[in-house]
Amino acid sequence: MGHPAVILSQASESRPWGTRRESECKEIEGKMTTRIVELRRGILKKNDELAAELRQRYTAAGVLVLNLVSSPGTGKTAFLERTLRELKAGGARAAALVGDLETDNDARRLAASGAPVRQINTHGICHLDAEMIGKHLDGWEGVELGGLDYLFIENVGNLVCPSSYDLGEKIRVALLSVTEGEDKPLKYPTLFNSADAAVITKIDIAEPCGFDRDLALKNINEIRPGIKIFETSAKTGAGMAEWLEYLAVERAKREG
Amino acid sequence: MHELSLAASIVEAVTETAAAYPGSTVKAVRLRLGALSDVLEDSLRFCWELTVEGTPLAGALLVVTTIPVVVHCAKCAADVQLDGVQSFRCPRCGEPASDLKQGKELEIESIEIDDGKDTGAE
Numbered sequence: 126m127g128h129p130a131v132i133l134s135q136a137s138e139s140r141p142w143g144t145r146r147e148s149e150c151k152e153i154e155g156k157m158t159t160r161i162v163e164l165r166r167g168i169l170k171k172n173d174e175l176a177a178e179l180r181q182r183y184t185a186a187g188v189l190v191l192n193l194v195s196s197p198g199t200g201k202t203a204f205l206e207r208t209l210r211e212l213k214a215g216g217a218r219a220a221a222l223v224g225d226l227e228t229d230n231d232a233r234r235l236a237a238s239g240a241p242v243r244q245i246n247t248h249g250i251c252h253l254d255a256e257m258i259g260k261h262l263d264g265w266e267g268v269e270l271g272g273l274d275y276l277f278i279e280n281v282g283n284l285v286c287p288s289s290y291d292l293g294e295k296i297r298v299a300l301l302s303v304t305e306g307e308d309k310p311l312k313y314p315t316l317f318n319s320a321d322a323a324v325i326t327k328i329d330i331a332e333p334c335g336f337d338r339d340l341a342l343k344n345i346n347e348i349r350p351g352i353k354i355f356e357t358s359a360k361t362g363a364g365m366a367e368w369l370e371y372l373a374v375e376r377a378k379r380e381g
Numbered sequence: 112m113h114e115l116s117l118a119a120s121i122v123e124a125v126t127e128t129a130a131a132y133p134g135s136t137v138k139a140v141r142l143r144l145g146a147l148s149d150v151l152e153d154s155l156r157f158c159w160e161l162t163v164e165g166t167p168l169a170g171a172l173l174v175v176t177t178i179p180v181v182v183h184c185a186k187c188a189a190d191v192q193l194d195g196v197q198s199f200r201c202p203r204c205g206e207p208a209s210d211l212k213q214g215k216e217l218e219i220e221s222i223e224i225d226d227g228k229d230t231g232a233e
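If you're matching them up, the sequences are chains A and B in order. Whatever position you read off the first sequence (first residue = 1), add 125 for this note's numbering. Whatever position you read off the second sequence (first residue = 1), add 111 for this note's numbering.
One chain only, chain A, in its complex shape:
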C-alpha cells in the first residue's frame, strides 16, 4: 500500500508566495488529531507516466512525433494535408492521428494525401491524452511506428486544455491564423509558452485581414522568447519549404 512521493515539478520546496486561504490551513493545523501525509504527486501523474512510455516507444522506433495545437478553424488540417502531401512527394514516410469530438471528416481529408491516418473521436473530451494515443497506435492496421519517419498528432481544436496533456511528443506546435488576432499568444500564454515551434497559417490572406505581422511576431516572442516561427499558407505553399526543412533537421537530430 506504499505510495512513494513523486515530484514532477522542479520546484520541490514550498514557498510562501500566493498562499491562499491561509486562515483555513491554520484552523486545520490547530486540531490535535490531524496529521499531514505528503503526496507530492502530479495530478496528471497517470497521463505523465503513459506519455513517458510513449516517448520511449517513439524514440526506440526512431519516429519524430509532433503535436499540433490551435483553436478550431486555424487551419490545422489544411496545413497538415499539405505537409503530408509534400513529405510523401519527398519520399518520407509520415502518418497522422487526428482528434475531434465527433466525425471522421478530418481523417478522410488527410487520407487523400495518401498517408495513413487514424481518427480519434473524444466524444466531448476537449483534448487528447496519452491513453487515447496509446490505444490508437495499437492495432493501427498497416502502420508500424518503426516504419515511419514522422507521426503528426492533430489535437482537438482548443487552446487551453491540450497544454496540460503530454502526448510524449518531441515537438509541440502552436498554430495561429492571420484571422485570429495578433494577441492570441497573450490570451493563451500557457499553450504558446509550452510550444517548441509556432506556425502562422493563412498568410496568403494576411493583407485583407489587416494582419499586423510585426505585432504577432512580437507577441509570440514575448510569451516564448526565441521560438522558431513559420509563416505559411497551405493554399499557396508559402513558407512550406522552411517548415519541411525544419522537420528534416529535427528528424535527423532524432537519428543522431
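Hints are not guaranteed to be accurate.
Below 30 Å or equal to it, Euclidean Cα-Cα: the simulated DSS-like pairs (lysine-lysine) are [what the hints assert, rightly or not]: (1) A:171 to B:138; (2) B:212 to A:170; (3) A:171 to A:260; (4) A:170 to A:378; (5) A:171 to A:213; (6) B:228 to A:312; (7) A:353 to B:212; (8) A:213 to A:170; (9) A:378 to A:295; (10) A:312 to B:212; (11) A:171 to B:212; (12) A:360 to A:343; (13) A:295 to B:138.
These are calculated hints, taken from the structure and not from any lab test.
Chain B: place on chain A using the hints.
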C-alpha cells in the same frame, strides 16, 4: 473544461493514499497550482464539490497554493520571479527569458487526515 477530470484524478489519488490509514477522515487536500497550469480555481472547486459529494471525501477542504512563474535569466545568472504570464522577460534587466524554472505545477502536495489519534503536536 478539464477541471472535472482534474477533480476526478485528485479524488482517485487522495482516496488511494487515505486507504493506507483505515478509519481516518480526510480533512483537507493541499494543491500546488502553477500560474501557467491553466486551472480555473473556482471551476476546480465547483467540480471538486460535485465529485466528492456522497463519498468519504465529502467535506474535505481544498487548499490551493498558487505558484508564480520563475524563469532563469542568463544575463543576471539568477532565477527571477515574473509578475504575470504576459511577458517572459527578466524583470531586472529586461532580457527575454524562456528557461522556465517554476510555474507549471499541477500537483497534490499533501492531505490532512484525522485518524482520531493524538499526534503529539501542539
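The hints, checked one at a time:
1. A:171 to B:138: holds (24 Å)
2. B:212 to A:170: holds (19 Å)
3. A:171 to A:260: Given pair residue 171 of chain A, residue 260 of chain A holds - Cα atoms ~15 Å apart, limit 30 Å.
4. A:170 to A:378: holds (29 Å)
5. A:171 to A:213: violated (35 Å)
6. B:228 to A:312: violated (49 Å)
7. A:353 to B:212: holds (21 Å)
8. A:213 to A:170: violated (37 Å)
9. A:378 to A:295: holds (11 Å)
10. A:312 to B:212: The given pair, whose Cα atoms are some 21 Å apart, holds under the 30 Å limit.
11. A:171 to B:212: holds (23 Å)
12. A:360 to A:343: Answer holds: residue 360 of chain A to residue 343 of chain A is near 25 Å, not above 30 Å.
13. A:295 to B:138: violated (40 Å)
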